[in-house]
Each structure stands twice: as structure tokens, then as C-alpha cells.
Amino acid sequence: MVGELVPVAVDPERADRDFWSRFHVLRRMRHAELHPDDPVEPDDVAEARMKRPNPFDNHYYSEVVREGVMLGWFSGENASPANPEYETNKHLLWGDIYVRPENRRRGLATRLLPVIAQLMDRQGSTVLGLSAHSETGHAFLKWLGSTAKLSEVESRLRLSEVDWPMMERWVEEGAKRSPQTRLDIHDGPLPEELLPVFAEQRTALLNTIPFEDLDIGKIVVTPERIRDYYEQAAATGVVMHDAIAWEPDGTISAMTDVSWAAYRRTLIEQQFTGVRPDARGRGLGKWIKAAMVLHIRGLYPDAEWITTGNAGSNAPMLKINRTMGFKAYRTSVDYQMSRDQLGARIAELSPSP
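Quick note: the sequence shown uses the working numbering, first residue 5, plus one each step.
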């Protein structure tokens with residue numbers, strides 16, 4: 005009976021092998037449902053990622069188990085006081101819920117709602133964010149009473165279909181239109197001496213991203229956070245590559261970065277591409293993206309795809325991607341609701357005394 009199932013908190017650092025066995029079964033099931041075309045993250049990589057302490061973000065996990073089988077899962081995340089984003093993001097809790105397909109529509113996900121509400125109360129969170137990647141996810145979040153706030157389009161570029169002469173032209177044209185701008189590409193972690201200016205400029209660029217109606221605070225990148233990211237990447241086998249456009253005064257006018265991992269050697273993930281507002285109109289976005297795709301073609305001959313995500317409202321970047329050959333692959337939506345709305349929904353679902 006669903007009513008007899010009680011969510012149990014999980015500490016990855018102390019979890020036993022029985023937990024990891026049932027977790028990986030559910031994790032792989034979810035991957036097959038939502039990401040059937042992609043390589044699955046190996047068990048040891050997933051464990052290393054979840055066990056590693058994060059000084060800047062708090063992570064919370066709960067499972068619903070019956071007879072040794074994980075039926076449902078919740079993970080949550082919010083900024084810790086050590087996070088430079090804490091003051092403007094401390095009201096936010098980001099959550100994720102997954103239930104086995106055969107156990108849906110039986111009230112199992114609702115068993116996790118009081119856990120989330122209690123967590124929000126302990127952390128002082130007033131807004132809950134959840135994402136949907138499938139029709140069942142959208143249906144649940146709408147039923148819950150949350151509101152769609154941000155749509156994100158995942159696009160994919162098949163490398164075998166890239167117009168390589170066009171990419172070379174973009175690089176040539178970019179250099180010609182901005183002769184005083186220097187384009188550098190770094191494989192692996194950036195040199196330590198670049199971190200302060202890179203962090204400052206990345207912070208500025210990230211805060212130009214269109215987030216539509218999403219309630220989100222300021223994004224703050226620091227050298228300490230970059231080092232922490234590098235440590236996490238090393239622990240999980242991820243290799244980073246950055247393309248940076250430098251102006252004569254030492255400022256960064258554009259940047260883009262991608263990542264590669266051995267377990268997904270056919271799939272390159274493009275992370276962030278940004279052009280400083282006062283430097284737009286010079287073809288810098290096309291220049292750095294073309295230079296990067298030309299660079300990784302030589303580094304990773306097994307790569308077949310590049311995947312990237314953009315807000316559905318980010319027309320300039322979507323236009324560049326479409327011209328390069330990126331095609332829409334799927335759309336996800338971020339939903340948000342207040343703690344009061346969540347509490348009211350829980351009260352509606354509670355049996356009458």
C-alpha cells in the first residue's frame with residue numbers, strides 16, 4: 005500500500021552498497037526513459053559526484069523503498085551560506101522528483117511533498133523550483149499547482165553534417181572584423197592567474213542570460229568556485245575546453261566552453277556562450293563557437309554530436325545555433341511555486357480527520 009510507504013533521508017557519504025544498488029537501477033531506468041539516445045553515466049562516476057562534499061551548495065536526498073526496490077526519489081539543492089550567491093538565492097530550493105513508471109498515479113510522489121515542505125521550513129526557503137522533461141512531468145507539476153517560468157530548448161549538432169568551410173569563414177571574418185581582439189583556447193583548467201578576471205567577466209556575462217519569468221537571484225562566479233568545479237570535474241573524468249576573446253584592455257568580450265568525458269565520448273556538451281552587450285554586432289559569438297567546434301573536431305574524432313541548451317526566448321543565440329546546424333532536440337520547462345502554495349496543496353491531499 006502506498007500509504008504505508010515512508011520517504012527516508014539518504015546520506016550518500018554513509019550509504020551502503022544495498023542503497024547504491026537500488027539507486028543505480030532506478031537511475032538507469034530514468035536515463036533510459038528520458039535520455040535514451042545518450043550514454044549513461046557510469047555507476048562509479050555517479051557515486052563520486054554525489055559523495056563529494058560541496059562547500060557552496062547543500063544537497064538533500066530521500067528515497068521511497070518497498071521490499072528492497074526503490075520506487076521513488078527526491079533530490080534537492082540550495083545555496084549554502086558559503087556561496088556568494090546566498091543572499092539573493094537563499095529563498096530558493098530546487099528539487100527533482102522521479103517515480104518508477106509502473107508506480108505512477110498511485111500517490112507515491114505526493115508522499116514526498118511533506119518531506120519537501122519540511123525541508124523548505126528548515127532552510128527558510130519560500131520558493132520551490134522543479135523541472136519537467138516529459139509529458140508525465142508536466143502533468144504532475146501542473147496538477148501540483150506550480151507555474152511554468154522558463155522554457156529551455158536543448159539543441160543538437162551532428163558533426164558529420166557541419167558546414168566546415170562556413171565555420172572556417174566565421175573564424176576568418178571574426179578575426180578580420182575585430183583585428184585587435186585575441187582569441188585563446190584552453191584545454192583543461194584555466195591558468196591560475198586568469199581566474200580572477202575570468203570569474204569577474206563570467207559573472208557579468210551569466211547575468212545577461214534571459215531567464216524569462218524565473219525567480220532567480222544573482223549568479224556569482226569566484227576563483228574559489230571555479231577551483232571547486234575543476235576538482236569535481238577531475239573526480240568525475242570531465243575535461244573542459246574554453247574559448248575566450250580578449251580585448252586590448254585586458255577585458256573579456258566573449259567566451260564559450262564545452263566539456264567531454266570518456267564515458268560519453270560521442271557527445272560533447274556545450275555549456276555557456278556569452279558576448280558582452282557592448283561587443284555585440286561584431287560576429288564574436290559566431291567566431292568563438294566556430295573556433296571551438298573546429299578545435300574539438302581535431303581533439304575528439306569519436307565525437308558525433310554537440311548538445312547545448314538555451315532559453316526559448318534567447319533569439320540571438322538560437323539563430324547562431326540554427327545557422328551552424330543545431331536542431332531542436334527537446335524542450336524542458338522550469339516550474340516554481342511558493343511554500344504557501346505547496347502547503348495548501350498538501351492540505352488538500354490530506355485525509356479529513
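Where hints are given, some of them may not hold.
In silico DSBU-like pairs for lysine-lysine, Cα to Cα no more than 30 Å straight-line [as the list claims (entries may be wrong)]:
#  : residue 1 : residue 2
1  : Lys180    : Lys94
2  : Lys55     : Lys180
3  : Lys331    : Lys153
4  : Lys222    : Lys94
5  : Lys94     : Lys331
6  : Lys222    : Lys153
7  : Lys323    : Lys55
8  : Lys94     : Lys323
9  : Lys180    : Lys323
10 : Lys55     : Lys94
11 : Lys180    : Lys222
12 : Lys153    : Lys94
13 : Lys331    : Lys55
Derived DEER-like restraints, expressed as beta-carbon distance ranges [as the list claims (entries may be wrong)]:
#  : residue 1 : residue 2 : range
14 : Pro227    : Arg301    : 29 to 37 Å
15 : Ala351    : Tyr267    : 40 to 48 Å
16 : Glu165    : Pro227    : 36 to 44 Å
17 : Glu165    : Ala19     : 23 to 31 Å
18 : Gln122    : Arg181    : 32 to 40 Å
FYI, nobody ran anything at the bench for these hints, they're computed from the structure.
Using N, Cα and C, we set each Cβ at its ideal position, and we do this for glycine too.
Structure-based check of each hint:
Distance hint between Lys180 and Lys94 is unfulfilled; the C-alpha atoms sit about 45 Å from each other, more than 30 Å. A C-alpha spacing of about 48 Å is found between Lys55 and Lys180, which places the hinted pair above 30 Å, so the restraint is violated. With a C-alpha separation of about 23 Å, the suggested pairing of Lys331 with Lys153 holds against the 30 Å cut-off. For a cut-off of 30 Å, the pair hint linking Lys222 to Lys94 stands: about 11 Å separates their Cα positions.
The straight-line distance between the Cα atoms of Lys94 and Lys331 is roughly 36 Å, outside the 30 Å bound, and the hint therefore fails. Restraint check for Lys222 and Lys153: satisfied, since their Cα atoms lie roughly 17 Å apart, inside the 30 Å limit. For the hint pairing Lys323 with Lys55, the CA-to-CA distance comes to about 39 Å; that exceeds 30 Å, so the pair is violated. A C-alpha spacing of about 34 Å is found between Lys94 and Lys323, which places the hinted pair above 30 Å, so the restraint is violated.
Between Lys180 and Lys323 the alpha-carbon distance is near 22 Å, which keeps this suggested pair within the 30 Å criterion. Among the hinted pairs, Lys55 with Lys94 is consistent with the structure: their alpha-carbon atoms are about 23 Å apart, no more than 30 Å. For the suggested pair Lys180 and Lys222, the alpha carbons sit about 35 Å apart, so the restraint of at most 30 Å is broken. Between Lys153 and Lys94 the alpha-carbon distance is near 18 Å, which keeps this suggested pair within the 30 Å criterion.
With a C-alpha separation of about 35 Å, the suggested pair Lys331 and Lys55 falls outside the 30 Å cut-off, and the hint is violated. Take Pro227 and Arg301: their Cβ atoms lie about 31 Å apart, and the range 29 to 37 Å holds. At roughly 44 Å, the beta-carbon separation of Ala351 and Tyr267 lies within the given 40 to 48 Å, and the hint holds. The given range of 36 to 44 Å is respected by Glu165 and Pro227, whose C-beta atoms sit roughly 39 Å from each other.
Between Glu165 and Ala19 the beta carbons are some 43 Å apart, a value that contradicts the proposed interval 23 to 31 Å. Distance hint for Gln122 and Arg181: a CB-CB separation of about 56 Å, inconsistent with the stated range 32 to 40 Å.
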